[in-house]
Amino acid sequence: MDQLTNPQLWAIIGPVVALQLLLMIIALVACVRAEETRGPRWMWVLIIIFGNLIGSILFFIFGRKGMS
Amino acid sequence: MTQWFVLYRKEWRELVRSYKLIWVPIVFILLGASQPVTTYFLPDILASAGNLPEGATFEFPVPRAVEVLAQTLSQFGTLGLLVVALSCMGTISGERVSGTASMILVKPVSYTAFVTSKWAAMLTLSTLSFAMGYGASWYYTMALFEAVGWQEVVGSLLLFALWLGFVGTVTIMFSSLLRSPAAAAFSALASAMLLSVTASLLPRAFAWSPGNLSKLASEQVLNGSVEGAWLPVIITLCCMAAALLASAGVLRKRPSLDAV
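For the record, the sequence lines run as chains A and B. Using full-length UniProt numbering, read the first sequence as starting at 1 and increasing by one per residue. Using full-length UniProt numbering, read the second sequence as starting at 1 and increasing by one per residue.
If you are wondering where the hints come from, they were derived from the structure by calculation, not from laboratory data. Bear in mind that the values here come from a model prediction, so they are computed numbers and not experimental data. Among these hints, one or two may not hold up.
What the hints assert, rightly or not - Non-contacting residues of chain A with respect to chain B, defined by C-beta distances greater than 10 angstroms in every case (computed): (1) PRO7; (2) LEU22; (3) GLU35; (4) GLU36; (5) ARG38; (6) GLY39; (7) PRO40; (8) MET43; (9) LEU46; (10) ILE47; (11) ILE49; (12) SER56; (13) PHE60.
Claimed, not checked - Short, incomplete list of chain B residues facing chain A, as computed with Cβ under 10 angstroms: (14) LYS20; (15) ILE22; (16) SER34; (17) PHE41; (18) VAL83.
C-beta atoms are modelled at their ideal positions from N, C-alpha and C, and glycine is treated no differently.
Here chain A stands alone, though its shape is the one from the complex (with noise of 0.2 angstroms):
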């Protein structure tokens, strides 16, 4: 594994960081135009920065009021 250089690190763990970067910004985006969330909606905002991945599935299941 130490043969590995920098850009190849990044040639692996790039889409994966890539990926979840995209799902965090979708459920930002989703919990920013839901008409209601389910608790205020700035906690729902952190959870979903600081909760990685779990962060912005426990939004798309929970979070929406009338959507789960």
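Following the hints, position chain B against chain A.
Chain B in isolation, oriented as in the chain A frame:
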């Protein structure tokens, strides 16, 4: 049949509107991709994060490529199952509580079409997401470990997709039986767990059980072939049909919940 496609298109729009069509595939791809990547970097991660004494060396056996794929399947067997059950837990109960179901069902729409259109949308979503996630895992395994033949991958993909679809179908059935979406997801996951536990504890007596499917899928990827998969596959398909019929029957009796 055209009516069914109209309903199916409505379900499809619903998937887009609730962002499910985006987030479920992304979650599956992330789950699938992260398994080979973390396995590959495990020695590095332990070396940098663990407080090992100076000079301690660990020799990690490099796992075989098919073992990595089998680990991915077991990852999908827990978290993937959870995502499938949670994403379709409110399919029917939600529409009944909000009144959409009774609004659609006063029109000359058959109950079976109503249920099966939802079921087909769920099946499309779960199979598509799982295939994408498994494909991502396959790609990373090939890039980081070694090549895996497509027979192993396609066979295990089909078996495991059937298991996911079965759990989704059970979730939809419970969703028409129970009022609360959380209770539906919980009952579906509990019965899935019960099935796989009994299948692994009593392999002889439960050789027919749908709970075998995930085990058969990982056997398929590990050995390249699997024996006795037909019986559980057929039983699972029958169970899915029965669950759909039960769901339509319950709906026919009580189309809306506030009328109770």
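Hints versus structure:
1. PRO7: 14 angstroms, holds
2. LEU22: Label violated. Min Cβ-Cβ 7 angstroms, cutoff 10 angstroms.
3. GLU35: 12 angstroms, holds
4. GLU36: 14 angstroms, holds
5. ARG38: 13 angstroms, holds
6. GLY39: 16 angstroms, holds
7. PRO40: Label holds. Min Cβ-Cβ 20 angstroms, cutoff 10 angstroms.
8. MET43: 19 angstroms, holds
9. LEU46: 19 angstroms, holds
10. ILE47: ILE47(A) is indeed farther than 10 angstroms from all Cβ atoms of chain B, at 14 angstroms.
11. ILE49: Its Cβ never comes within 10 angstroms of chain B, the nearest being 16 angstroms, so this holds.
12. SER56: Given that some Cβ of chain B is not farther than 10 angstroms from that of SER56(A), nearest at about 7 angstroms, it is violated.
13. PHE60: 5 angstroms, violated
14. LYS20: 8 angstroms, holds
15. ILE22: Holds, because the Cβ-Cβ distance from ILE22(B) to chain A comes to roughly 6 angstroms (cut-off 10 angstroms).
16. SER34: 6 angstroms, holds
17. PHE41: Where the cut-off is 10 angstroms and the nearest Cβ of chain A is about 7 angstroms from PHE41(B), the hint holds.
18. VAL83: Hint holds; VAL83(B) Cβ to chain A Cβ min 7 angstroms, cut 10 angstroms.
This entry does not satisfy hints 2, 12 and 13, going by the numbered hints stated previously.
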